[in-house]
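Residue numbers (this note's numbering), protein chains in the order written: chain H, 34 to 503; chain L, 128 to 536.
Simulated from the structure, these hints should not be mistaken for laboratory data.
Examples of chain H residues lying across from chain L (beta carbon under 10 Å, computed): (1) A69; (2) N133; (3) S366.
In silico lysine-lysine, DSSO-like type, Cα no more than 27 Å apart, as pairs: (4) H:K304 x L:K453; (5) H:K369 x H:K293; (6) H:K369 x L:K136; (7) H:K478 x H:K223; (8) L:K496 x H:K158; (9) H:K303 x L:K453; (10) L:K453 x H:K350; (11) L:K136 x H:K427; (12) H:K158 x L:K492.
As the structure is a prediction and not an experimental result, all values here were calculated from the model. By construction, the Cβ of each residue, glycine as well, lies at the ideal position given by its N, Cα and C atoms.
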Amino acid sequence: MTNYFSKVSSKDIDYLEKLCGSNNVSTDEEDLVTNAIDAQLGGFHKPEVVVWPETSEQVVEILKYADEKKIPVYPRGGGTGLTGTVPVHRGIVVNMKKMNKIVEIDEENMQVRVQPGVVYDALNKELERYGLFFPPDPSSGAACTIGGMAASNASGLKAVKYGTTREYVLGFEAAFPRDGLQRLGTKTFKYSLGFDVVKMLIGSQGTLAIFTEINLRLRPLPESMETSAAFFSSISDATKAIYKIIRQGLDVAALEFMDKPTMGAVSEFKKIEFPNAEAMLLIETHGSKKAAYEEMERCISVVKENGGFEIWHASSKEDRERLWSARKGAYPSVLKLGRFTLISDVIIPLSRLVEAVEKAYSIGKKYGLRTSCIGHFGDGNLHVNWGTGDNGEKIESLHRANDELNRWVISIGGAVSGEHGIGTEKKSYMRLQHGESYNLMIKIKRLLDPNYILSPGIAFDLDDLLNKSG
Amino acid sequence: MFRQRTLDKVLNDYLYDVLKCVRCGFCNSVCPTSNISLSYRDSRTSRGRIVLLQAKHSSVLNLSIESNAIQELMDLCFGCRRCLEVCPAGVRIPQLIWRVKSSGPLRLNKFFYTYYGTFEKLGAMIPTLSNLLVKSNFGRTLLEQILDIDRNAPFPSFYGDSLEKYIKKHSSSNGDRGRLALFIDVFTNYHDVELGIRTVNLLQRLGYRVEAPPQMEAGTLALEFGALKRAVKIARFNIDSMYEFIKNDGKVITISPAAYVALKIDYPELLGDEKSRIVAENTIDIVDILLNEYDDGRIRFKGPVENAVYHHSCFTKAARLTTSVKRLLELAGYKLTEFEECCGIAGIWGLIKKHHEASREIGNKLFTKIEHAQMPVFSQSETCRLQLKHYTNSRIMHPLEGVMDRILL
Ligand SMILES: Cc1cc2nc3c(=O)[nH]c(=O)nc-3n(C[C@H](O)[C@H](O)[C@H](O)COP(=O)(O)OP(=O)(O)OC[C@H]3O[C@@H](n4cnc5c(N)ncnc54)[C@H](O)[C@@H]3O)c2cc1C
Ligand code: SF4
Ligand code: SF4
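So here's chain H without its partners, still in its complex pose (with noise of 0.2 Å):
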C-alpha cells in the first residue's frame, strides 16, 4: 500500500507556510527526527514535514488539504505515548505544542476549558489555586498533554476512585478532515440527546478528528488525606485485599500493588528498605478528615484480616510523598536495571489477579525475562514490566512474551490495553480483541475520514480499512 498517499511536494510545504507561518513549518532533519519517535521502545519514522499551528481554522485547513492531497496527518501532544503512535506513513506531523492556552477556568461550574497542548501538571498548578483539580493522574503528568490524554484516554494512580479523562471531558472543538470544525457535548454533567460523540472520540488516538479545544470537568481538591502501606506474605493475600475492599464498596482514592522485584528495584534506586513481603499495597483515601481517617481504618481491617502482616501510615505530608514516591518510583527504578524494557497494560477482572501475575512470572521465566508488576489493582490494571537488561538481542522475546500474556488476557474476557491506547504496538489485538463488532470501528473510521488520512497505520491497519469487504 505504499503508493496509497500523496508525498510532501515543495508546493504543499508553501501552502503550510502559507497557512500557519514559516515559522511554524519546518521540513529541517531535526524537527523531523524528533517528531519521529514517542515512548514506546520502537524505531523512528519520520515524517516529511512538521507543523505548528496557532489556531483552530489553521488546523481545520491542515485537514482539508491533506484529505485533498491524500496526505497522511498525525496530531502530536507531549509525544510520551507508549504505543507508538509515530508517523509510519510519513507525511505531516501537526505538533499541538502552540496550541497551550488555558482559555477559561469557570469556577462556579468547576469547569476548565483547554487548548490541547497545555501539560497536565501544568493546568493542576494553575487550578490548585481555586480549590479544583483535574484528578486522572498518569505518572506522565509532567509532559504529557491535555489533548494526548483524551486521546488515549490516560488514567492513573486515582482511577480507582476518580475515573479516567473519558469521565471528565465534556466537549471537544474538534476539526475533522471532511466536516470542518465541529462543536460537541454541553457544559452540563449529562444530556440525553442522541449519540454521545464526545465519548466516541475519547480514546480514538488522533484517527478520527485532531482536537482543538477541551471543555472539563474538575473536582474540588480533598479536604484530607490518608495514606497507608500494607504489606503481604503472598500475592493471593494482597490481591484478597484488593477483592474485599471494592466489594464492601470502600471508598479508596488509590489502591496500588507492587511485587517484590519491584520492591526490590525501588530499594535499590530510592533507598527505601521495606520488610521481607511479596506484595505491597498502597492505599490511599481522599475525603473530610473524619470520613479520609474512618474509611482508611475500614481498609487496614481489612488488610489485617487477610494477611498483611506490617502496615506503614503516613503522618505526615512527608511521610505521604515518601510511600508515594516509593510507588512512583516503581517504573524508573525497573528502567534503571536495563535499558531494553517493556511495559504491558492489560487489564483483568478482578478475581482473576493472582492467575495474570503468576501467568506473567511464567511466561517471564519461559523467555527467559526480569519480571516485575505493578499495577492500579483497584481497577484491574496490571502492567507487567518485561526486561532483558541490557542485552538488545533479545528485544524479540519480550515482543513474544508480551504477546502471549495479552492473547491470555483476552481469553479470560479481559483488555490489552487499559489506559496507553491502541497505536502500532496494539493494533493487531483488535479484531482478536473485539470480534465483528471490529467492524463497526471500521465503518464509522471509513465516514469521518474517507481518505484514513488521519493517523495512517494507528489504531487500524491501512489494509484492513482498504479492504472493503471488512
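Position chain L with the ligands relative to chain H; hints supplied.
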C-alpha cells in the same frame, strides 16, 4: 578534510546514558531553556537533544554531530543540572552534552571562555582600564564583536585586588580551630572580593586559619564549552593542590556553589581517582561551617524578624545546599518566601549575544515575582546575583551578607 568523530568515540561511557533515555520528557518540564518561546520545537528541548543523539546512534539522523545545526542545539543546554533531579532513567544529561560540544569547531570566543581564568587575572591587574572597557560603549562594542558578549548584558566590574592576594597578606591568625583552604573561583576572586574578605575575617574571628593554596578557576566554563581536556587539566591542578593541603589536616571551604559543585561532583567524575574523592569528602561550604558552629553552641544569631526572598539558584540545588542555606537564613531571623525559577544567566550563557534574549525570557517570571515581593533577596550564586541586580530594583545579596551582622560569637 578533517575526519568526523563517531558518536561512540565522542561519548564513550556516556553513550549508554543516551541509549537508556526513555523519552518521557520529564527533563523538559524543569529545563529552563525548554520552556521559552523557541522551545515549541522539540529539537530545542532537553529531550529533543537526547532523541537526536539516539537517532544518530541508530543512523537515522542525516546530520553530523559536529554540524552547526546540531552544535547550536546543544548550546541550548547551559548546564544548570535541574534535569538530573527528575530524570527517571538517571541519564547524565549535561555531562553528556559537554562531550557532544567537545566535537564542535574551535572558535575565538570559545578559546577565550575556556581560558577565562587567565584573562580575568589580566583584567584584574589593570582594574581601572578594565572597568573603563566594560563600562564604555566602545568597550562593550569591542566585547560584542570579539567575544559575542551582548552589549546590554550585565557585566561585573573588577574590584582591583584579588581575594587570593588578600588572604596571602592576611593569613596571620594562628588558627587553633583548624586550617581552611578557600577554593575561590573567579567571580569572588576578582569581582565580589568584599564578600570574600568579610568571609575570611569572620572565619578568622571564629579561630580558623584561612589560606589560599595555589589554584586555578573552577573550570565550569571549560565544561560548558566542551573543552574537556582543559577542564581535566584544571581539575588535576586544583585537586593536587587541595589534596596537599588536606594531607596536613586541613579542610577545603567554598563560598560559591559553582566552586563547591566542581570539587564535590565534577572533579571526581572527570578524574575518577582517589585523590579527588578525598578532596570531595573534605570540602565544606561556608554555610555548613556556620551551621556546625551554631549546632556546637559556638555562635548565636540575633536580629529582627524580617521577610526575605530565597532564590533557589541552579547550582545551590545541584550542590544540595538548599536545606542548609534556608536553615541558616531562618536561624538568623528571616521569614523566607521561596522562588524556584531560574534567572536565566547560567554563568556566561545569558551574556552571549545569541542567547541574551532567551536568557531574559527565562528570567522574566522570576524578575516579576521579585519586583512584586518587595523584599530583600538572597541568592547564593554570584552570576544569579549579577543578573537579578541588573533586571530588578530589589536588594540582592549572598546569604552571608544577610547573616554576618547577626552573628554573636
Ligand atoms: C514514564 C511514563 C509514564 C506513563 N504513565 C502513564 C499512566 O500512568 N497512565 C496513562 O494513561 N498513560 C501513561 N503513559 C502514557 C502516555 O503518557 C499517555 O498515553 C498520554 O496520555 C499521552 O499524552 P501525550 O500528550 O504525550 O500524547 P502523544 O504521545 O503526543 O500522543 C498520543 C496519542 O494522542 C494523539 N493526540 C495527541 N494530541 C491530539 C489532539 N490534539 N487531537 C487528537 N489526537 C491527539 C496522538 O496522535 C497519539 O495518537 C506514560 C508514559 C510515560 C513515558
Ligand atoms: S542541564 Fe539545565 S539546560 Fe541542560 S538540559 Fe538539563 S535542565 Fe536543561
Ligand atoms: S528525563 Fe531522562 S529519560 Fe526522560 S526524556 Fe529526559 S533524559 Fe530521557
